[in-house]
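*Asks:* The primary structure of each chain is shown beneath.
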Amino acid sequence: MKKQLLNILHSCLFLSMLTFYSCNEGESPAPDEGLDAERWVTVAGALMGDSPGDGNGGTQIYAVSYEDAINPETVIDVFENGTPVKSNRTARLQVSEDGNTMFNIAYAGENGGEYARFAVNGGGNYVQEDVTVNISQYAGTAPRWGKLYNDDKTGIAVNIANIAANNADNQDEFEYYRGTATVLALDLQETLIANYRQYELPLTAEEEAAGHCIFRLDAPVLNQAGDKVIIGTWMRKYDPLTGERESEWDRLGTKSIVVNYPSLENPTVISSTQAFGDCSGYRSNVNYLAEDGSIYQATQRDPNGSHILRITSGNEYDNTYKLSLDETLGLEDVYIEAWKYVNNGIGYALIRHGESDQSYVARLDLTNKTASLVNEIPDDADLSFHQYQGFLVSGNDLLIAVAPIGKDGNIYVLHSQTGEVTIGATLKNKAGNHYIGVF
Amino acid sequence: MKLKRPITILLQIALLFLIYEEILASVITGKVTDSQSQPLPGVTLLIQGTTIGTITNPEGHFEIKNVASGRQVLIISSLGYERTMKEIFVPAGETIKLDIVMRDATSTLDEIVIEGQSIKKELETRGFAVHVIETKKASLQSVQTNDLINRTAGVRVRQNGGIGSSVDYNLNGMSGNSVRIFIDGLPASTYGSSFSLNSIPPALIERIEIYKGVIPAHLADDALGGAINVILKKSMSNNLSASVSYGSFNTFQTNFNGLIRESSSGFTLRASAFYNYSDNDYEVWGKFVRNILPNGRYDYVRAKRFNDAYKSVGGKLSVGFTSVKWADQLFISYTGSDDYNEIQHGTYMSIPYFGRFTTSQSHALGLDYSKEDLFTKGLEVTFNGTLSSRGQVVNDTVRWNYNWFGERSLGLDGKPILRPQGAQQGAPTLNHIDRNIATFRTGLNYRINSQHKLIYSFTYFDIDRRQQDEMLSTVERAFIGTRDLQKDISSLGYEFNLFRTRLKGNLFGKYYQQRIDRMDPILVEANGESFRSEDRVSSTKNTAGYGAAFSYTVSEKLLLLISAEKAVRMPSENEIFGSPGDNIVENISINPEISNNLNLGFQVGSFDFVDHKFSLSSTGFLRDTKDKIIQQINPRINDAVQTNPYENLGKTKSIGFEAQLNYSHKDKLRAMINLSRFNSVFNTRYDSNGNIYDNYNQQLPNEPYFNINSTLEYAFADVFMKEAALNLTYYFGFVDRFYTTWLEIEDFRTPRQFVQDIGVNYAFPNKKLVISGDVRNIFDQQVYDNFAVQKPGRAFYLKINYTINNF
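Just so you know, the sequences run in chain order E and U.
So the first sequence is numbered by the working numbering: it starts at 1 and just counts up by one.
So the second sequence is numbered by the working numbering: it starts at 440 and just counts up by one.
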């Protein structure tokens, strides 16, 4: 508890310093307010099911101290020494801010939708708490969820059900394809469902008449004021003339949903004019609140490559802002697989580009709208971050687990302000497996 | 292990043996009596198509030597008595005993009682790894057909709940699409779920043949791992039987079977029917049975299943001629069936469904013809043709969550909660799937002489599938595609008996052809207008397989069996064309799955020690599957555009054995125990970097790999009344625990299971009436075929059987 309080104090201090620094450009970056050397760092790996890299064999986790995690002398073998997470397929993990508790919602299987907490005791020793809560009735057995950055109080799970035409079972004129959205708040401390709302999310009549609809929700994030949750969308389009799903179409501007917090009511749809991709992320969040009160959002499946967009503290897209990775990296069809905002306008994106499946790491400067590849990350054709979900920020540092499928790797420590890269613990791997996060 | 070489060697050995031909030494002995059990001297017995025969002595006894093994027809004639012909199976090099009762020339029909289990024995000693289940005794009890199959060595039936729920068959570690079901030699898909192993009662079944890994030429389908062939009742004498059973969970089952034959014209009428109903409202409990409270917490409960009723009704009517000059059999038949099946849950029972059900029905018109010695001596012709139309409706429109008490689950605000996908299992659906199926099978068997026989078989089937979902809009419905599948399989086999029939061989090759036509409606634009057009694609694939089976009688008490096949499974429609809905791209060049299957077995016995009799059999097997069709992970799964096609990349291997021990004492006590154990493993060794996969050689998840079945029967004679019989049966089954996912953790492991059933039946002196009682799962154990799906607990059944023969 004491440590938590300290953390909050730290972050407050840090925020005030940031505001100060932002007025003094060119000053040295913020001093490192990193994590305690003893903080547990959980490393997660995904086992293969039927084919290499599919992650369908389940997830194993293993904890070391922060000190050990960044120490190149340390060797971590999650697959040999880790403990399995009770989930049929790749688990959707989250960690408490102090690193002492892992949160998981089992994905698919008999216990799909079951939220459980594990006390982190180091190594492969994770102790599951007795009480579990199951959100499958609201959000399905394969729910999408995220933890709000509000001192581990709340998780938000979201779902869209039963997308159908308005004239599916009647002879009415076609007007829209629409599903029913569920937004659910999970009390992570009390382990129970705190609140939920279900509603339809209409687009404009014109958009709907063309067959556009929201297919999936994910990546919830709390705004700076703490009164709205912004949720990313994955769009789909049907051909109203045939009822068939289209695989390529003229995409609408990126859309997000804004709902009141904590009531979860009053959903509204906001649209960007700057990018046309989805913003639902995949295994990890793509929406992050920065010190400037804006939310930065990565797009995917964007016809012009992934972009970073900005949603202002007024909960609207800032249509004067965009960061195009294609443009700034000079690459074709850049796709952000996952990313993390660190601080002071700097984030890191795990990307691939063109036709290749190989992943790379790019450092993003959101303020100056530039990006560059981090060349210290091994250039390996088997490196794939497509299921990546765990980033750990420690002051100016970002820790990521980099291990190509079936090959050993390392924890990498990326210094957001200097761009410096140092190598941490060795990650032992096995054929077909890959590492999916540090928490 | 490479199987090609052993097969080639076997073929060469077989060819060598062809040069030799020796005289057979099977013997038929027995006694002929009249209907008053008086011995009949001077009766002529002749093996059809030969000059081999004899005449009974003054005591009515006879002995016919030098009979060729296999299927033979015995012609029995005597002045003043009906001339009769009887088909019998003569085991190689053995003496079989026949007791024959002759009817007066005035009586309507002959009857011949054959001692022993000749058909079963004949099939089981030809070299194949086959097990023949005779249903005669079991059909007196309240036992399901699937229960009988499940008690067989090397077979695991996995049912998703009570009577009528979906079933998967695992034969020696191969399951799903690899196991094909046949009814009277035709693919069971001809009839659909309403006329299947789930609904046909044992009383209407003559026998069930289970072929593991290697399938004889006449059973033609792309069965990679094995085949289950159900032979419906084929009695040739006038008879009528009926039974009715009632028991726990409001389970009511009745069936009827009868045959009338007019002896002068050969006109024959055969009819059978069944009706099954069960509420299946058995109690479930334990860690998978919980109600979810509004706040998401669990409330563990004991509850009765409430949406699991099953009803099926069906019948078959055949009209035709038997044993006439121009046909041994000619039948025109109609098979009709209908079922209603509520579905309580999906893969796991942790989420109960309300209101999801399927209905299905089928109508099949069949023509069957068979004749031996057609045109020329030794040529047997069979033809079976069926035209069927079957329909299925999947109904799932209830929008709310339900708890295990059958009530709507309430949310935090006290209102019912919508299902996350819109209906119980997925999106709301009222999907009508209709299929028109044509199945034809022609068999030509040519017996060159008593030692050599050629077999040719050709099977063709054509399935047209149409579907309509009422929960889709009119526009959407107009854009649903159609699928046509045509498959034909030609097989050529050669059977021989050599070295005084000590060596029996069977070589066969099969040629498979498959054509799939896909039509998807599309919208095309021309002159500024868009209109519906049809996009047609088709895929034609063909491949060959071959195999052999041999048995060798080392001594009177020891028989060795070996069989091997390069077995094939053709890719399915989805595997070829992909699925636009799931963004799976097509792979027109995908190849069939191939499995090299090998069985090596022996049968010893029976050994007699005074009144004790033992016999033992065992088979070791290998299933080496290559080119297994799997879908590789696409790191771009996040892309909405395309995901990977199915490819021939997987490899699995199953290696194991099964054994069965039979014991009897004075023909009163009979005991059987069998066990099967295998390792079914992931068999891809290296990744692209040459590292060995962690899963390599690891047991595939969700495969029960070790189980034991045992039955004990005791017959008491003259109980309460003279000539009455009382039979007791006891069954014990064991299934070892297994992991259900690659992650080997306790939470994903099934419990070790022990099931015990007892049964009793009482046959009244006239043998027409038999009353039976059963207690299933007597200790009310939690039983699981599938992870997190509990099967019925303790249940009681009572059954009345009535049979009239020879009226």
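One or more of the hints may lead you astray.
Derived list of chain E stretches under chain U, where covered just means 3 residues or more per stretch with a C-beta under 8 Å from a C-beta of chain U [as the list claims (entries may be wrong)]:
1) 104-118
2) 121-131
3) 204-211
4) 270-277
5) 308-315
Simulated crosslink set (DSBU-like; lysine-lysine; CA at most 30 Å straight-line) [stated by the list, open to error]:
6) Lys980(U) with Lys407(E)
7) Lys892(U) with Lys854(U)
8) Lys559(U) with Lys536(U)
9) Lys980(U) with Lys559(U)
10) Lys726(U) with Lys153(E)
11) Lys1090(U) with Lys1161(U)
12) Lys559(U) with Lys1065(U)
13) Lys1067(U) with Lys407(E)
14) Lys1005(U) with Lys1065(U)
15) Lys1005(U) with Lys407(E)
16) Lys560(U) with Lys673(U)
17) Lys470(U) with Lys153(E)
18) Lys750(U) with Lys764(U)
19) Lys536(U) with Lys1107(U)
20) Lys996(U) with Lys1090(U)
21) Lys1090(U) with Lys428(E)
22) Lys996(U) with Lys980(U)
23) Lys673(U) with Lys559(U)
Don't read these hints as lab results, they were simulated from the structure.
Only a predicted model underlies this, so the values are computations on that prediction, with no experimental measurement involved.
Quick reminder that beta carbons are idealized off the backbone N, C-alpha and C, glycines included.
*Asks:* For every hint, state whether the structure bears it out.
*Replies:* Here is how each hint holds up against the structure:
no., hint, verdict
1, 104-118, "holds (count 4)"
2, 121-131, "violated (count 1)"
3, 204-211, "violated (count 0)"
4, 270-277, "violated (count 0)"
5, 308-315, "violated (count 0)"
6, Lys980(U) with Lys407(E), "violated (39 Å)"
7, Lys892(U) with Lys854(U), "violated (73 Å)"
8, Lys559(U) with Lys536(U), "holds (15 Å)"
9, Lys980(U) with Lys559(U), "violated (36 Å)"
10, Lys726(U) with Lys153(E), "holds (28 Å)"
11, Lys1090(U) with Lys1161(U), "violated (62 Å)"
12, Lys559(U) with Lys1065(U), "violated (33 Å)"
13, Lys1067(U) with Lys407(E), "holds (26 Å)"
14, Lys1005(U) with Lys1065(U), "holds (11 Å)"
15, Lys1005(U) with Lys407(E), "violated (37 Å)"
16, Lys560(U) with Lys673(U), "holds (18 Å)"
17, Lys470(U) with Lys153(E), "violated (90 Å)"
18, Lys750(U) with Lys764(U), "violated (43 Å)"
19, Lys536(U) with Lys1107(U), "holds (20 Å)"
20, Lys996(U) with Lys1090(U), "violated (39 Å)"
21, Lys1090(U) with Lys428(E), "holds (26 Å)"
22, Lys996(U) with Lys980(U), "violated (46 Å)"
23, Lys673(U) with Lys559(U), "holds (15 Å)"
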